[in-house]
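Engineer: What follows is the residue order along each chain.
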Amino acid sequence: MRLIVSAAALLAMALSLGAREPMGVADDVILSDGLPRNLADYGFFKDAAGWKPNDRVVAYQLNMPLFTDYADKYRFIYVPEGQQAKVNGDGLLEFPIGSALIKSFGYEIEGRPRLLETRVLLHRTDGWLALPYVWNDDQSAATLKVAGKRIPVTFTDPSGEKQTISYAVPNKNQCKECHSLSDAVTPIGPKARNLDDGIQLANLAAHGIIGQAPKVAYPMPVWRNTGTGSLDHRARAYLDANCAHCHNANGSASNSSLFLTYEENIPVRFGIEKRPVAAGRGAGNHDFSIAPGDPDRSIMIYRLKSLDPGIAMPEVGRSMVHTEGVELLSRWIAEMQ
Amino acid sequence: MIRTLLVATALCLSAPTLAKTITIDAGADAQERIQEALILAEPGDVVALGAGRFDLTDGLSLDVDNVTVIGAGMDQTVLNFAGQLGAGEGLLVTSDHVVLRDFAIEDSKGDGIKSKGADNIVYYQLRVEWTRGPHPENGAYAIYPVESKNVLVDSVTTIGSSDAGIYVGQSENIIVRNSVAKFNVAGIEIENSVGADVYNNIAVNNTGGILVFDLPNIPKQGGREVRVFDNIVVDNNTPNFAPEGNIVAEVPTGMGIMVMSHYEVEVFDNIIAENGTGNILIVSYSKGQDDPNYNPKPIDIRIFENKHGRAGYKPAFPGGEQLKAAFGGAVPPIIEDGTGENILIGEDVAILTLGLTTPGQSLSEAKPALSQGATEPFDGRQLKPIILPQAMEDAVK
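Note that the protein sequences, when read in sequence, are chains U and W. Sequential numbering of the first sequence, starting at 1, is according to the working numbering. Sequential numbering of the second sequence, starting at 1001, is according to the working numbering.
Don't read these hints as lab results, they were simulated from the structure. Certain hints may be false.
Keeping only pairs whose Cα atoms sit at most 30 Å apart, straight-line, the calculated DSSO-like set for lysine-lysine is [what the hints assert, rightly or not]:
no.: 1; chain 1: U; residue 1: K103; chain 2: U; residue 2: K73
no.: 2; chain 1: W; residue 1: K1367; chain 2: U; residue 2: K305
no.: 3; chain 1: W; residue 1: K1367; chain 2: W; residue 2: K1287
no.: 4; chain 1: U; residue 1: K149; chain 2: W; residue 2: K1020
no.: 5; chain 1: U; residue 1: K73; chain 2: U; residue 2: K305
no.: 6; chain 1: U; residue 1: K52; chain 2: U; residue 2: K73
no.: 7; chain 1: U; residue 1: K145; chain 2: W; residue 2: K1020
no.: 8; chain 1: U; residue 1: K145; chain 2: U; residue 2: K103
no.: 9; chain 1: U; residue 1: K86; chain 2: U; residue 2: K149
Covered stretches of chain U, as calculated for chain W (at least 3 residues, CB under 8 Å) [said to hold, decoys possible]:
no.: 10; segment: 158 to 166
no.: 11; segment: 249 to 261
Some but not every residue of chain U turned toward chain W, in silico, with C-beta under 7 Å [as the list claims (entries may be wrong)]:
no.: 12; residue: N171
no.: 13; residue: K172
no.: 14; residue: N173
no.: 15; residue: H286
no.: 16; residue: L307
no.: 17; residue: P309
Backbone N, C-alpha and C fix where the C-beta goes; we use that ideal spot for every residue, glycine too.
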């Protein structure tokens, strides 16, 4: 019996490989109720190596990205033919059922970009599902790793220093830890305010992913362009992109009562003279998340500078210190009265 | 058609199947094997961990409702996290109706077991321990349910937490019983919660035995209706090793039972002895705060029918030594700061009031004096016992 099943699978795979080139994205795979084993099953890419997006798979960037050990990220939105994502003010785009967000992670190694993993967020009829796929050594296929994986990797960081880390592909639950709002999986990145770099929303509209490019009231500063945004805006945008997916009233860190969303305007809520609740040794002998004027006595900075899993924030996806992020927030706190 | 075939051969998770037991034996690749089982488990399944030591490299997590994780015993099945590289706890549970029983978590880098928003959770016959003993770099909480409704912690052992051994926070309808907490900063702590029975526990060799706290600037506050009874709270004199900044770093070494800014607490029928600072302390939250929705005072606290042994012989708070001398070698075993409302104490022991009038007032303004408790012993039982859903009680039979 098992033989027959796997023979059928092989046959199906062979047929599918041979037949994929002219096909679009496999809507039925996105909408299925299973856990597809191979990234290729979705048909998000025209090539086996995951670089050439298929029709209606549109690359995008975020103004303020999440730091993940200096990994290079390649993001794509897929919205099914004949449909569009709805714009919702400055906030998260509302994607129709059948949409997918695809994000590949990699490093430039020996002069060539190399992918480690591709995460997909699928909008199924019963909600969003997050799944991690890990690339094989010869970069020809990525397979599902629900339990995550650690991958040793050596790369050169932006300051030119060689780094060797144990890169962590999140497990399916860890995907949800960040992508969670009131216990349901949700996208994080594609908020209009974090997409609006002056060009991108028009580009998404041109590709039919959204209707008209909206007028965004408060676009986030662009991380890679250090001239955009005031120090306060850059710091708050950094916290929003790197922390607020958990640190909001309905997120995984709701019990901390430290809420780091861009729109939070109560000082104690976003950390100013806020005492720790259950930080344990994460508090590092400091009294406040943010001690105004004193980054070295602020729990926030202490935890961002730590690599100890019992102290470090974010809890998932960081095994290195984001020096530039720490510098930004330290400057922000130092200038507070 | 081709696609359909492919999908059919992929793992199908949502089709209902009979509950099954997934057995995981100790050995190589424990991380991936356990984590995969916890992810692929379906409601009703049992994940059975074999005897032996499992070496984990990352935190584990469970997000499937109605799953039981069972080991071969708290000394037989050991999940060891000494080599943990990531995650804020050893095991994280975020689903409902989960039973965790008969295994141990050792040396996790952060908390031991955390369950968040996990209703109807049962912790039974577990051991969570930092094996080097008290150390400020141990994880904060051993057993850590938070933001949950219906919590049962039964027959667990916690050792070495740098905050609290058993910490239940921002939850409601809670029972903590038959458990042992030793060499933690706080043995057992109920914080910002509503409705808890804490009974038949042994809290020994902690900095403070049992704490009932309500803190400001937290989404869920107004902690109330906690009963602490039939516990043995003895020899909690381990020097406070909590990192400063945390509220438990304020707990004076040598504390038996401490109530801070809370509504409706009953403390009765406990054996409380050999606690160097005091057996029972009732105080307001004394740090600065401007949370308009927060009550910093202890209100409606009833203390009665406890058995007191020696206490107050080594008071670890400012001015303690002078007080000790003034009272002939020991501070009275029950201390209240004077700011509370409707504090009823019916014990046949001396009661010290610090004579403060407002929460946050400096201790230098204290006017310590002996205070008159109830003139006669009384029965202060007013709160109803906590009743948990029957399925939770059945899980520990």
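Engineer: With reference to the structure, classify each hint as holding or not holding.
Structural biologist: Against the structure, the hints come out as follows:
{"no.": "1", "hint": "U:K103 with U:K73", "in the structure": "holds, 7 Å"}
{"no.": "2", "hint": "W:K1367 with U:K305", "in the structure": "violated, 45 Å"}
{"no.": "3", "hint": "W:K1367 with W:K1287", "in the structure": "holds, 19 Å"}
{"no.": "4", "hint": "U:K149 with W:K1020", "in the structure": "holds, 26 Å"}
{"no.": "5", "hint": "U:K73 with U:K305", "in the structure": "holds, 23 Å"}
{"no.": "6", "hint": "U:K52 with U:K73", "in the structure": "holds, 14 Å"}
{"no.": "7", "hint": "U:K145 with W:K1020", "in the structure": "holds, 22 Å"}
{"no.": "8", "hint": "U:K145 with U:K103", "in the structure": "holds, 15 Å"}
{"no.": "9", "hint": "U:K86 with U:K149", "in the structure": "violated, 35 Å"}
{"no.": "10", "hint": "158 to 166", "in the structure": "violated (count 1)"}
{"no.": "11", "hint": "249 to 261", "in the structure": "holds (count 5)"}
{"no.": "12", "hint": "N171", "in the structure": "holds, 5 Å"}
{"no.": "13", "hint": "K172", "in the structure": "holds, 5 Å"}
{"no.": "14", "hint": "N173", "in the structure": "holds, 4 Å"}
{"no.": "15", "hint": "H286", "in the structure": "holds, 5 Å"}
{"no.": "16", "hint": "L307", "in the structure": "violated, 9 Å"}
{"no.": "17", "hint": "P309", "in the structure": "holds, 4 Å"}
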